[in-house]
Every structure is written in C-alpha cells, then in structure tokens.
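One letter stands for each residue in the lines below.
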Amino acid sequence: MSILVGQDTRIVVQGITGKQGTFHSMQMLEYGSNIVAGVTPGRGGVKFNEAVPVFDAVETAVRELGANTSIIFVPAPGAADAVLEAAASGITLVICITEGVPAMDMIGVLSYLRGSNVRLIGPNCPGAISPASLCRVGIMPSEIHTPGRVGVVSRSGTLTYEAVNALTQFGIGQSTCVGIGGDPLVGTSFVDVLTMFEDDDETEAIVLIGEIGGNREQEAAAFIKSGGVSKPIVSLIAGQSAPPRKRMGHAGAIVTGKSGTAEEKIRALSEAGTTIAPSVESLGEVMKQVLRGSTA
Amino acid sequence: MKLHEYQAKSILASYGMPVPRSGVATTPQEARDVARHVGTPAFVKAQVHAGGRGKGGGIKLIESAEQAEDVAASMLGSRLISPQTSLTGAPISIVLVEESLDIEYELYLGIVIDAIAQAPVVIASKAGGMEIEEIALEHPGLILREVVQPTVGFRAYQGRRLAHAMGLPSNLANPVADQMMRLYKAFVDKDCSLVEINPLVITKSGQVMVLDAKMTIDDDAAFRQPDMPSLRDWTQEDILEAKAGQAGLAYVKLDGDVGCLVNGAGLAMATMDAIKASGCFPANFLDVGGGAEPIRVAEAMGIILADPQVKRVLINVFGGIARCDDIAEGIVRSYLDSGKELPLVVRFLGTNKDEGIRILKEAKPDTIFVDYISEATKVLQDITIQ
Chain F
0 MSILVGQDTR
10 IVVQGITGKQ
20 GTFHSMQMLE
30 YGSNIVAGVT
40 PGRGGVKFNE
50 AVPVFDAVET
60 AVRELGANTS
70 IIFVPAPGAA
80 DAVLEAAASG
90 ITLVICITEG
100 VPAMDMIGVL
110 SYLRGSNVRL
120 IGPNCPGAIS
130 PASLCRVGIM
140 PSEIHTPGRV
150 GVVSRSGTLT
160 YEAVNALTQF
170 GIGQSTCVGI
180 GGDPLVGTSF
190 VDVLTMFEDD
200 DETEAIVLIG
210 EIGGNREQEA
220 AAFIKSGGVS
230 KPIVSLIAGQ
240 SAPPRKRMGH
250 AGAIVTGKSG
260 TAEEKIRALS
270 EAGTTIAPSV
280 ESLGEVMKQV
290 LRGSTA
Chain L
0 MKLHEYQAKS
10 ILASYGMPVP
20 RSGVATTPQE
30 ARDVARHVGT
40 PAFVKAQVHA
50 GGRGKGGGIK
60 LIESAEQAED
70 VAASMLGSRL
80 ISPQTSLTGA
90 PISIVLVEES
100 LDIEYELYLG
110 IVIDAIAQAP
120 VVIASKAGGM
130 EIEEIALEHP
140 GLILREVVQP
150 TVGFRAYQGR
160 RLAHAMGLPS
170 NLANPVADQM
180 MRLYKAFVDK
190 DCSLVEINPL
200 VITKSGQVMV
210 LDAKMTIDDD
220 AAFRQPDMPS
230 LRDWTQEDIL
240 EAKAGQAGLA
250 YVKLDGDVGC
260 LVNGAGLAMA
270 TMDAIKASGC
280 FPANFLDVGG
290 GAEPIRVAEA
300 MGIILADPQV
310 KRVLINVFGG
320 IARCDDIAEG
330 IVRSYLDSGK
340 ELPLVVRFLG
350 TNKDEGIRIL
360 KEAKPDTIFV
370 DYISEATKVL
380 QDITIQ
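Order-wise, the sequence lines are chains F and L. When you line the first sequence up against numbering that gives the first Met the number 0, it's residues 0 to 295, in that order. When you line the second sequence up against numbering that gives the first Met the number 0, it's residues 0 to 385, in that order.
A few of these clues could be false.
[Unchecked claim] List of simulated lysine-lysine pairs, DSS-like, C-alpha gap at most 30 Å:
1) L:LYS352 / F:LYS287
2) L:LYS242 / F:LYS287
3) L:LYS310 / L:LYS363
4) L:LYS59 / L:LYS203
5) L:LYS352 / F:LYS18
6) F:LYS287 / L:LYS252
7) F:LYS18 / L:LYS242
No wet-lab data here; the hints were simulated from the structure.
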C-alpha cells in the first residue's frame, strides 16, 4: 500500500520542543500522523500540545508506547547522537531532517548501522509521506499530496514539492514520496528506495529526481538497467546549467570519476530506459503519457 | 573551507609530519629576511587557494636573499592566474619562502571521503608532482586506494601495502606508512573533507617530507573547530560569494543577467535550468534556505542587487517552512535600500502567498506576478534590457 511509512507507523519526534520540532509536529498531527511521543533530554514529563507525552529518552517511547519510527529535528551538533540513540533503542526507521551534520559524524553513524535492521533516511532530507494512510513523517507541505499510485524519490526538498505539485495538478496521486537527502553521506540510496517501490503492489510508476554531484544516479541507472526495476520511471536531473562545482576537490573528483555532471546522469538514466522529463513543470504531463503507454 | 599551503603545513607539522624549513612573508623585505634564515637556493611560493600555481608563475626558484625580495615584490599585491583560478585570478598577499631539497621520490598522497564506500579513502600514487586528474587520465593504474574502516582507523599495514604497491624500497615502507597514519589522524581531528600532499617527497638522504599541502575543512564542523575563523581567508573568494558566505547563504556567482532568489538548492538549480533553457542566462545560484526570515532575505536580495551584471530579477519561492510574506518583506527592504529600478518577476506558491503578493504590489507596483516557472521565463525574455 505504501513504503516506509503508513498505517503501522508509530512516531517519536526527537527534538519535539525545539522551534522546528514544534512547528512540524503540529503540522504532522494536523495531517493525521500518529505521533505517540516526543523526546527532549531534560524535558521529560511535559506534554506536547496537551496530548503527546515527552520523555527524556527514546527507549521509554519504544518500551511504553511502541514507537517504531523516529523523526529527528535535533540541531546538527547532536544529530548523530540522536540517530544512534534511536537505533540503540529499538527504532527501525530513523528519519533525520537535520541539515549540516558533519561528514565525520555520518561516517561513524553509517558504519554503526551497517548490518543492522535499522534504516536511516537522510540526513538533510524532507522525510517521507504516504498520502493514502495520511502518514507524514517529514516537513513537506501536506496539501500538495494526494493518494495514488506513483512513487517519488528525490535528493531534494523544495524541488520535490514542486514535482509532487505538478503530478497532483495532473490528477496523478502518490503512493509514497521519499526525500533521501542532499548530503553526500546518507543512510538510504536511490537503489534502496527503487527496490522498495518495485516490491510495493500499490506503486505503479516512479519519479526519480536527482541532481549534480556524486554518482548515486548512475548507481540507480545501473540497477534499473540490470533489471532491478520493471516499473516505468520518469527522471528529472537538476543542475544542467550549473558550473563545475566549486567545492569539489581534486581527489574527490577522482574517487567518483567524471560522473558528477547533469549530462552524465541524464545519459545514464536515459540509457537505462527511463523517460527524462525536460523540466519539473512537465512532470505531470510526461508521467501521464508514460502511464497511458504502460497500460496500453 | 580551504586552507593555504602554509596553514596546512603548520597543522601537519604539529602532527609530527616533517616539512621543509620555511617562513611566510607579507612584504618583500620580510621575504629577504626569511630567505636569509632559510638559506638559498630556495623557493618563493604564492599563497593562493588554487592549484596549478607552478604553471601560473606562482612558484619561483631563487638563488639569493636579494632575489627573494625581488620575486616577492613582483608577486605580492598581484593576482595569480592559473588553470584552476577564475579568469581574473586570485590575489597574492602572502608568500612562503621555503628551502630547496634534493629529491629521490615524489609521491602523491591524499585522503577524501568516498560517498559510495561511506568511509575515508587514502589515495596514493608514485606519480607525485602531477595533478591527480592528469595521473587519472594518463596512468590510471598508478592510483592506489585504501578504504578506511572508521572504527579502527587507518592501519600501519595499509600504509605498508600502499608503499609496496608504489614500488618503494622495503626500508621506506614503515616510514611512509607512519606519515600516512599521522595524516589520517590530522584528517579526522580537523574534520577535513580533503587533504592532499602532492608531492610527498623522499629526499636523497632518505627523509620523508611534505613539499606541498592542500587541506579543506568541512564547513559543517565549524562548531567544534575553533581555529576555523582565524584560518579563513575571505580575500581568496569572489567578493559577493564571500559576503554571502559570511551571511550563511549558499550563493554562486554566474555570468548571466537574471538574478535569482529561490528557496531550496534543488529548486534553485531547476530554476536556473529553466532560465537557461529559455535562452536567458542566470546571474547566480542562490538558495535562501528553509526558514527564511525577512532580514536574511534582505541580505540575500542585497547580494543579488550588488552584482552589476544583474539587469532583471526572478523570485521563485515554494512556501513551506519559508513564508511568502516574509520573503516579500525582505525583498521590499533591500529594493528600497538599493535604489535600483530593476524589473522584478515573482512566482509565489504555498504558505501566505496572497499576503506576500499584497506586500510586493504595494511597495513595487510594477512587479510582475506569475504562476508557473515557464511563465516566468517567458516574461523574462520579453523584458527589454536597459
């Protein structure tokens, strides 16, 4: 029916009493998301919005209220610690919204999580939303989403909202929309999410939104080409007009090859048989044609 | 954040990595004194945040202290243009005067964070002295890699393995491995995203030395790297980019005349793409960020309007956390401050859109409002450039 988040999702919000945590927890509650608890170390015992209990530790939320999904709004210096606490407390899906987590922290976190049954999404991501079950675990504007059969996966935030908006305006609903995050070091890749969409009965087609830098899109293209995904995919790559990235160091360019450009990514995704959308606004139209073609 | 060679070397020296005798100078007289102290022959090396310095005339051999003074006089205050700088080059305000060594081997040694391996990777090559891109193109087989398991760190055996694979004599394996471990420790402690020693030399007398060093520190680690502000050299960055950096805004200067202010990096790129596809050219990339408050937007807008190349402005905001009325207020403030009458095209969507439009209409009645990006680019094409 959806991937990652849905009817069975029981959310604990880490950093619920902070400015961002408060704002988005309210939005999530209004949408219908099942927030069972919040966590702010040192603030345990208070109630959020007069209803949601706030604990000092994630393990209390897991033990007493069966939380299984965490969303993190903890500021960057403490974000890695928050992910590790969630993982060590029995949470199986951790969505880290926080932007600006040091790379060295993420290396430690990812190494810790490898081989475990904990899935991390992000950091620096908008989260995930499954409109049919009114489950939003993220910061996306709720009102642009509508239930349907297209899965969306993206490295971006606002560009994803723009894409979803374009789909909704064409009457195309979404099964689940997932932002995997804009950092080079993230817990979940395009390939991970594509695999989930492929296995999801309610997802009929997929939108993949990539951008310049790194080679995650090529990794996805290779996976699609090797038969990993049979469902139709429309892809969009942002950054065709960007100059060579100024921050890209020499040795970095070596490790990832010359693959960081939009042209390379579009070529790879096109060769893998996905349909390239020329602009974000065209996504609705392009997806409509693709869906028509796949049912014909 | 990039460091200068002399800053990187001073950090590496504090980790016990041998560096040549050297000193920095900001005046020709100082350069002469340092050369006397260091001894000649020596090299005068321009301190700029760009590679390819040798090709740009930024590294010169001098035979005497007087010559050091002359060379420093020609470098200091000028701009170095190399294959890796912008066309206008990078300003030289510091030179490093450094002893000349008798070299037996020149190696490449670097550490980066590999996004696919999700770990630091130590890179080594016996083709040191060449740019790593050139080695990759001409001798890809000479680039060696060791992925680091972060919980145990870079180990001595990995260093010896790299030394052997580079074909070094076995008596050098341990000393080279030792330097690699010191470099890795500095990389982790200082939250680097890149270090490069090119070349790491072995002198005729068998000593390992850091001859050139590049270091980039992860900006996200600023909160725990207290030395970062004092090591930062804003003069090495584009003036508007530096100003944006100080304000915490993601801004990149481009060559076109359409200034753009967008919320979100992906949408900012997509907006630039749309402008370019329509035949116009973006003047910049600017992500004003998520919770953009009026003062921050005003700062962002001020940077766009300070660019003399900007002839028209496009605002594209998908309101979520960012509110269109906040954005509108910020825009109005900086437009009034600037006194510029540039045409303004605005596309607002989402949170408080109507209020944002009302604020702008009142302050700048000739603002053109559109609903779609494609509509915005059409309008931009039609605006006559003064």
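Point to revise | Hint numbers not upheld by this structure, sorted from lowest to highest | key: Hints 2 and 6 not satisfied by this model.
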